[in-house]
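Novice: These protein sequence lines map, in sequence, to chains A and B.
Counting from 564, one number per residue, gives the positions in the first sequence under my numbering.
Counting from 564, one number per residue, gives the positions in the second sequence under my numbering.
Don't take every hint at face value.
Each pair may be met inside one copy or between any two copies, as identical chains are not told apart.
Stated by the list, open to error - Listed below are the simulated DSBU-like cross-link pairs for lysine-lysine, each with C-alpha atoms no more than 35 angstroms apart in a straight line:
| id | residue 1 | residue 2 |
| --- | --- | --- |
| 1 | Lys693 | Lys620 |
| 2 | Lys620 | Lys783 |
| 3 | Lys783 | Lys693 |
| 4 | Lys570 | Lys620 |
Note that these hints are calculated values from the structure, not bench results.
There are 2 protein chains.
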Amino acid sequence: MAIALPKTRRGETSRAAILSAALDLFQERGYEATTMRAIAGRAGVSLGSSYHYFPSKEHLVLEFYRHTHELHAAAIAPLLAREQDLAVRLRGTIRAVVVTCEPFHAVAGSIFSTVANPSSPLNPFGGAAKPLREEVVALYAEVVHGSDARIPPDVAALLPLTLWLYQMAILYFWIFDRSPGRLRTLEVIDETTELIVRLLGLANLPVLRGSRKRILTLIKSVTEQA
Amino acid sequence: MAIALPKTRRGETSRAAILSAALDLFQERGYEATTMRAIAGRAGVSLGSSYHYFPSKEHLVLEFYRHTHELHAAAIAPLLAREQDLAVRLRGTIRAVVVTCEPFHAVAGSIFSTVANPSSPLNPFGGAAKPLREEVVALYAEVVHGSDARIPPDVAALLPLTLWLYQMAILYFWIFDRSPGRLRTLEVIDETTELIVRLLGLANLPVLRGSRKRILTLIKSVTEQA
DNA sequence: GCTGTAACTTGAACATGTTCAAATTGATTC
DNA sequence: GAATCAATTTGAACATGTTCAAGTTACAGC
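Assemble the whole structure, with the sequences as input and the hints as a guide.
Specialist: In structure tokens, the structure reads:
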């Protein structure tokens, strides 16, 4: 069960070959159609060896997820370095998510459901995915704090986590999107990012103060469970 | 693949026995721990017979879902007949969802993930689950329209579908809730239902008009995909 | 060079969802 | 009552994720 980190060069080679074969095959055939035997076969190792480095097929998905996160982070680095406007930063970041994931669109459905399973070790609220989740949340913290938007501290504290949830919602929509060029998802992104930024601007209105407090308490309560 | 509806009394008996055995076992052992062989065994039929009436194990989950929906609808009927206040109706309805589902809490995780899988025939946005989804949406339409709340028509038109989404979100939270008596979920329900009703009251404020239109367009766009 | 040990590798074995061709049943028709 | 035929039932066979005990490798210490 425990993940065995390779301790020799030979082990590193094997682990890397298995991971690389898995990523390729997931992309080529999808998650379910990729068998552990096929992964082992392409990696040039035996079936049992795969289980030495990855406790289950699901754990290979986690690596897949990490892979796309790294692509995404690299893709938006220039934007985050250059741009100050929050709406532009947010829109660019979320657009980049779906652009980065586009090659995996056909695969994404089964992967998402694997990850959404609360009893899976991989579910984003749970233990195994925690390091990766924190990386993504940190990325959204940079999106927010690197902007020139003036956001009340109580809102700013919870915004990155909320944006991470928002990203997951967009991805779920994207999975169902069959429109050419995934245009509908891009439209929804443009709409929602603008809406979010606008609502952030309204958060200081007296009439919304009460609701804002409620919402913040709620988000804190919901997320601290994870 | 096609679902075979029983055409003889004998077939009806078999189908009913399989379904009943499945519901019992899902509750006793959970979804994954229940094997098709165990279902067939308890139902007193052979393994192959189960597949004559239910194309897959997942399809048995759909029946499970339908079962809880019927329990839920029955549970809230008195409330809906008596009460006029929207906040009370909504809170009672959502509370009843988690109360009804409580016996299945341990099982709910894997069931939810099965259902959330976009490539599953069962996913709530897709085809096979459509009739049931429409029943649930209709139930929320009754919650809204049977109240004395005065809601703008454009909002009222989309509210039931939105509340259905809201119910799914609450259920997802509930699945993770390990607090005694599921108190945290009940708290979140109280908070969110009050928030929803309050925001509905604010929807007519001029400053929110623009956002309201945006939000409605968005919800329509998101849901018509299904 | 030898030995011991930890790391690594292997593939057979197992459990379980699913398929399918063949067997059985039971009602309808003559 | 015999023939027919669709509905139903059966269980063996298959694919695949996972486990595990046994085998192999390679390096550290002598």
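Novice: Hint by hint, say whether it matches the structure.
Specialist: Each hint tested on the structure:
| no. | hint | result |
| --- | --- | --- |
| 1 | Lys693 x Lys620 | both (18 angstroms within a copy, 31 angstroms between copies) |
| 2 | Lys620 x Lys783 | within (33 angstroms within a copy, 37 angstroms between copies) |
| 3 | Lys783 x Lys693 | both (17 angstroms within a copy, 34 angstroms between copies) |
| 4 | Lys570 x Lys620 | within (22 angstroms within a copy, 42 angstroms between copies) |
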